[in-house]
Structure formats: C-alpha cells, structure tokens
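My request is simple: use the sequences and hints to build the entire structure.
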Amino acid sequence: MSETAVSTVQQHAPPSSFIRKHIFSLDHKVIGKQYYALALVAVFMGMVLSWLMRIHLVWPNAPIPGLQFLSKAGAPGGVMTPEYYLSLLTMHGTLMVFFVLTNAPFAAFGNYFLPIQIGAEDMAFPRFNMMSFWTTFLAFCILVTAFFVPDGPPISGWTAYATLSAVGPDSGPGEGLGQTLWGLSIFVFCIASLLGSLNFIATTLDLRTKGMTLARMPICTWAWFITSCIALLAFAVLMPACLLLILDRVAGTSFFIPAGLVISDHLQPHSGGSPLLWQHLFWFFGHPEVYIAILPAMGIVSHILINSMRRPLLSHKVIIYCMMAIGFLSYMVWGHHMFVSGMNPFSSLVFSFPTLMITIPATIMTLIWLGSLYGSRLRISAASLFALGFLSMFVSGGVSGFFLAQPSIDIYLHATYFVVGHFHMVMGVAAIFGIFAGTYFWFPKMTGHMMSESLGKLHFWLTFIGTYCIFMPFHYLGLAGNVRRYSAFVDDFLVPLIPVHRFITFAALFTGAVQLIFLYNLIHSRFRGAPAPANPWECTSLEWTMPSPPPFDNFGGKHPVVYHDPYQYGVKSSTGDYLMQDSPEQAQT
Amino acid sequence: MATVVQPPEHKHEDPSPAQQHTGGGGFGSFVPTGGPLKTLGDPSQEATRTGIWVGLAAITMSFAAFTSALLVRQTTGSDWRHLTVPPIVFANTIVLLASSVTLEIARRRLAAYARHESADRAAPLRWLITTLLLGLLFVAGQYAAWAKLRAEGLYLASNPNSSFFYVLTAVHALHVLGGLGGLLRVVAKLRNPVFSLRKSTMDATSYYWHFMGILWLYVLFVMWIKL
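Taken in order, these protein sequences are the chains called A and B. So the first sequence is numbered by our numbering: it starts at 1 and just counts up by one. So the second sequence is numbered by our numbering: it starts at 590 and just counts up by one.
To be clear, the hints were calculated from the coordinates, so they are not data collected in a lab. Do not rely on the hints blindly, as some may be mistaken.
[Unchecked claim] To spell it out: a stretch of chain B is covered by chain A in this simulated footprint if at least three of its residues, at any positions, have a beta carbon under 8 Å from a beta carbon of chain A; those stretches are:
hint, segment
1, 653–666
2, 749–756
[What the hints assert, rightly or not] Selected chain B positions facing chain A (in silico; Cβ < 8 Å):
hint, residue
3, Gly-640
4, Gly-644
5, Ala-646
6, Ala-647
7, Met-650
8, Ala-746
[Stated by the list, open to error] Simulated DEER-style distance windows between Cβ atoms:
hint, chain 1, residue 1, chain 2, residue 2, range
9, B, Ala-711, A, Phe-24, 33 to 39 Å
10, B, Ser-667, A, Phe-346, 20 to 26 Å
11, A, Leu-138, B, Leu-660, 30 to 36 Å
12, A, His-524, B, Tyr-807, 55 to 61 Å
13, B, His-671, A, Ala-415, 36 to 42 Å
14, B, Arg-670, A, Ser-17, 57 to 63 Å
15, A, Ser-315, B, Phe-810, 43 to 49 Å
16, B, Lys-778, A, Phe-18, 29 to 35 Å
17, A, Phe-148, B, Phe-810, 41 to 47 Å
Idealized CB from N, CA, C, for every residue including glycine.
Structure (structure tokens):
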C-alpha cells in the first residue's frame, strides 16, 4: 500500500450498473457531461424563445403556427399577447443566465476538468456532486412547468422586480403559480449551486497532487476556483431573497410590497415593504453572477490561446490577480443596475467608482491577451478561432459598459436596447464563444473522437458575423431611445427603428440556424468522428496525459507528480516545443 | 501515458507539520497505537474540514442577507411594532449552548477511546445522544415560542417584526435539523460494531453544531436589539 503525502478522495468503486454509470453517477466526468447536456437543452430552448420574441417584435400581428398550443391564453390563434411576450422574455433570460451561462462554462467544464487538471481522482465530495447536478435538473424541471400552468410563465423578467413579482395574480398573467414556480426553481438552483461551489473549493484547496502548487494550476483551473468562491457568496444571498419573495406571494408578508397599492382595482393587503430592497438583494447576487458567467470563459480562452500560440502569456500571474480583483470588486458594484431606481443619487457616485475600477483588471487582461498574441504564430483551429472571437466580443461588449458605468449617461441609456446590447455581447456571445471554444478544444478528450475542423470553422465565421449583425445594432437602437421589454413599437419615435429590428430578426434567425451546424458536428463526431489521440493539441496540462476518453479513476489509482507550470511552450524538449506538466524533463536551453 | 513516480516501498513517514494539527479540541489526534482506525495520515479529512468551513461561510452570508433585509425593512414603512421575545427562547438558548458542551465532552471521550486509553465506546455514545436530545429539545422549544406568539395573535404576516422573527428562527431551526442529521450519522457510525468514524467527520459535524450555537446567539442579539 503506497504511502503518499497526497490527499485522496473517498474512493468510490467503479460503477457496475447502467444507472450508476450514466444516470446517478458519482464520477465527476459523467456529471460534467450531464451539466453540458442540460445546458445544451436549455440553450436551444432559450434560443427558440428568442426567435419567437424577435418574430413578434417585427410582425406583431402575425400568427406563429403552433404557439396557441403552448398557451391558449397567451397566444390566441398563434398571435402573441404583449403579456405573453414578457413571459417568453422572462423564461429566455432565466434559462440562459442560470441554466446555460452558470452551468456550461463553470459546472460542466469545471466538473469535468478541474479534478483532472490538479491531478485528483475525483471531486472532494462525489455524492454532493451528484446531488448538485440532480438538484439543478430538478430546478430546471420546476422552471419548465411554469410554461404549462394555466396562467403561463411570469412576466417580470429574469430580474423579477417587486412589486410586480411579489403581489400575486393581480399584477398580470403568469404572476400566480408561474411566478411562484420561478421563485421555487431559483431557490432550488441556489442549493445546487452552493453544493457545486463547495466541491470546487474543497477540491482545489485539498486534492492537488504532488508538485501541483497553486501557482502551477492552469489558468482555467484558477478561473473555476475564483468563480466558485464568488458563486458561494452570491447564491447564498439569492436564496434568502427568493424565500422572502415567495413569502410575500403566498404568506401575506410585506418585505417588498408598500402600502396603498391598488392593482387591477384591488387594494393590496400589504404595507410597509420596500421594492428597492428586492433590487438590492437581487443585484447583490446579480452582479457577481455575471462575472460567474464570464470568468470561466476567460480562463478557458486563456488556456486555449496559450496552447494555440505555442508560447505563454506576457504574464499569467497578472491574469490570475486580475481575475481575483474582478471577483472581489464584483461585490461592490451592484448599485450600477439601480442608478435610476430612486435610491439616493449620491450612492450612484459610490457605485460608479468601483464599476469604473473593475474595468481596470478587465482591460489589463485584454491587453495581456492582445499583447501576447502580437507576433505569435497562432495555430488556427476552431477552438482558437472561438477564443479570438471571445476577445473581439469581450472588447466590443465591454466598452459599452464604460458608458453605462456613468450615472449621467445611464439615466438616458437605462432600460434601452443599449443595455441589452451590452450584456448580450459580453454574456450572450463572449461567454458562449468561450463555451464553444472549450467544446472544440476538449471534445476529443471527453469523447475520444475529433470534431470536424472545417465544420467548426464554418460555424465560427457564420456565428461571428451573425452575432455582430444581431447585437451591434442594439447599441444604435438604445442610443435612439428604443426602450427594452416592449412587445411592439408603435410610438412615433420607435416606428422608424423597425427596419433595424427587421434586419436583426433576420440575422437572429440565420445565426440560430447556423447553430444546427454545431449540433450536427457534435452529434455526428461523437459517433463517427476520427479517433482522437491522447494529446491532439500538444497541450501541457494534465488532462492530456491520459487516454481519450479518460478512464474511470482518472490516473489509474496513482498520483501524477507535477514538475512544471502549464506554460512550458516554445521550449526545446524531447516531445517537441512543449513540456507536459508531469514530465521530469527540464527544458533544454 | 501518465508519468507517475512509483511510490517507494512501505516507508512510514512522519506526518508533515500540516498534518499534525489536531483539528480543535486540543486533545490530540485519533492516531491509534494499533487498530482499525483511519490514521491522521488519512488526508480526506482536510477536504471535509475545508468543506465545512466553506459551507459555514455560505450560511453566514445568507444570514447577513437576512440581516440587511431586516435593517432596510425597518426604515421603510411605519409599521415597526416592538415584539417581546418569548421568554422560552432564553431557555432554548441555554439548551443549545449546553448541547455544545455535551458535544465537546463526547469528542473528548471519543478521543480517549481512539487513543485506547479507554475501552468504553458507550460513554461518547451517551454524550452524543445527549447532544442530539438537547438539539431536539431546542427545536421543540422554538416551536413552543412560535406557539406563544400565535397565542398573542402574532402570525407570520402580522407585522414585519413577527415576519422576521419567524423567518430568522425558522431558517435557523432548519439548519439545526440538518445538524441533527449529521449527529445522527455520527451516532450510527459509532454504533457500528466495526469502528468506522473518521476524525474528519466528527470534526466537521462538531464545527457545524458549534456554529449553530454561535449563529443562534447572533440571531438572538439581532432580534433583541432590533425587533
């Protein structure tokens, strides 16, 4: 029996039954794939919802065939009511932010690769890990049932502002059972997320193999670790908020509902509450949440770029410090979502300052990426193209954040398409590009098959052009005063903008269709793709030391020993121009 | 192909300084002089301990959120009605703190058993069950406090003070029930003829339980000065 100074996880025996292998699995790799599959289902649902919304915006009176079967009241004869537009908007946002952007880059790839990249056999708490996936799945099921209750899904947006979300059925269709189901779903999602973060943190701190110091962890591992620290504290605040919202709705409390509200001719029997309190609680979670969405993508993209450039970044330590700074500052900026909410205007200054400060580490990171790319001989692959696309999208989407960070400009731009353009470019495109990049990069390792590179490159170019066509015009629309969350544009200052919307809708439908190329590539390659070698990208991190796909217990019961950081590229070695982390060989100078 | 260093033939290494820490209680480790116990070299205990601290951080953050909700709610609306905290709550506090004491006694008896200074496994088991019962008594006492408020006509939605009283105490009680589950698990392992209780499990359960006491003192303080 070997005596090592290395942590071992509670051993779990190899699974024997089908259920243990593929359904209720304790293996972090299976759980990672399950999260990815859930995110895939959620993203297609969210995308279909966005098509329905875009079609309605441009042709508000046109019946959409089949929609009346989803909701007779919401879409009589297939023509969407304005309230049902808001319902679809709410579900689109909730699905995308929670079940795609928190799941895929963080839970899916993180669960799969974090233990491997630090040389561990599995996560620290495999049973909690399994529970966290199935709890997420439960949250997803609860959310989806909101589509099928008589009144439909809630209309308050993914942000569920009180008092609309708190008073109950009087405030609109979907505000009865639909909103309560939403609150319950998010509450359950918080539990799942907390369990997941617990695992990530304990695993990173305690299960690193011999020689794997914190400094030698790959950047993506750092990103997952920092994200899990942020997620732990953020979701721990959303849970009480959802609980108080549910109590306001079903138990008659008045946390968020002030006195004297007459809604739909009914005097609401609440008093004393503060709608602003909900906004504070929600955004205290909500802002760290968007960094939870982007940080893993930053880590994945850094990892892929270093590998594709065949040389390290200008400074990977600075990247990691910047990620930590972003994580820390993310807790101080929540009020920038509330500049026009009626809170004390002086507090706008207090929130604007850290918001501008948070642009500094983000800019440093961007400059490091760009500076490292300059003069490099980048290997072009689908993964590296999406990594470059991420950079482009992050810059394009990020600069609009500089504008929104200033209260004086935000007074005009708040709740316009400018904001919608900003967050879609950074979250809806940049983070998704990070997911795509990770998929193309790690698919060979996860499945043992190569994806089609030509289809991947086609997917990239069409998506890159398509998403710019969709989301860049949003900024123009916002500056022109186009208000968001409107289901139709009838005001005289909005009617001239409808041709722009038409262009965007065509771009959206086109880009959505392009994703079928990705889906086809994913499924076809899974079964018919060329067999993948252990290290097709000549990457240095530990996941590439094992066969594709990795065996059940990762390192075969042994513990790899790590000698290098994961940036030994451009060196002379027996393997070529790189050194694996676990290779005892030193670089020849 | 993974490059691994084959570990040397069985070589008993002294635990590194990091591994020598006893994990609280100051009563030495569960290192056996012989026997079926997992040794202090069993490093899974580090992950368990880290995990419980991380979990406690999340719970702290949740109660911080409740506290800030309380503080903000007090300043909006003019319906803040002073609430008299039912006296049984103070008895419950004593019960909960006592359960922390009995838990520590149980840990020390357990350490003595593990060090083979005592062959009595029943003693730590008795003290653990006492802790469990005191915990249940606490939850029952909280229920009595709610019943007292109901008798005064104060329900969840009556006024914001009662809302926060019920919410804070109920959420705390739910977490205490979770802690009771953990204690039950420890008791079950202790009652197993084959001794399978790891020090890390005992430590993690104890940290959680003591935290419930500290958290309760905090909740009581907030309610006392604010509600």
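Here's how the hints hold up against the structure:
With 9 residues carrying a beta carbon less than 8 Å from a beta carbon of chain A, the segment 653–666 of chain B meets the three-residue requirement, and the given coverage holds. Chain A is given as covering the segment 749–756 of chain B, and this holds because 3 residues of the stretch bring a CB closer than 8 Å to a CB of that chain, at least three being needed. Taking 8 Å as the C-beta cut-off, the interface hint given for B:Gly-640 holds, the closest approach to chain A being about 4 Å. Hint status for B:Gly-644 relative to chain A: holds, with the closest Cβ pair at about 6 Å, below 8 Å.
Restraint check, B:Ala-646 versus chain A: the minimum CB separation of about 7 Å is within 8 Å; hint holds. Given hint, B:Ala-647 at the interface with chain A, holds; its Cβ is 4 Å from that chain's nearest Cβ, closer than 8 Å. A cut of 8 Å between beta carbons decides the hint on B:Met-650: the least distance to chain A is about 4 Å, and the hint holds. Because the closest C-beta pair between B:Ala-746 and chain A is about 4 Å apart, less than 8 Å, the hint holds.
Restraint check, B:Ala-711 to A:Phe-24: a C-beta distance of roughly 37 Å satisfies the suggested window 33 to 39 Å. At about 24 Å, the CB distance of B:Ser-667 to A:Phe-346 agrees with the hint of 20 to 26 Å. Taking the beta carbon of each, A:Leu-138 and B:Leu-660 are about 33 Å apart, inside 30 to 36 Å as hinted. Checked against the hint of 55 to 61 Å, the C-beta distance between A:His-524 and B:Tyr-807 comes to roughly 57 Å, which is consistent with it.
Checked against the given bound of 36 to 42 Å, the beta carbons of B:His-671 and A:Ala-415, roughly 40 Å apart, stay inside it. Remark: the range hint 57 to 63 Å for B:Arg-670 to A:Ser-17 is upheld by a beta-carbon distance near 59 Å. Distance hint check for A:Ser-315 and B:Phe-810: the Cβ-Cβ separation is about 47 Å, which falls inside the suggested range of 43 to 49 Å. For B:Lys-778 paired with A:Phe-18, a C-beta distance near 31 Å keeps the hint of 29 to 35 Å intact.
Separation of A:Phe-148 from B:Phe-810 is about 46 Å and conforms to the stated range, judged on CB atoms against 41 to 47 Å.
The structure fails none of the hints (numbered hints given earlier).
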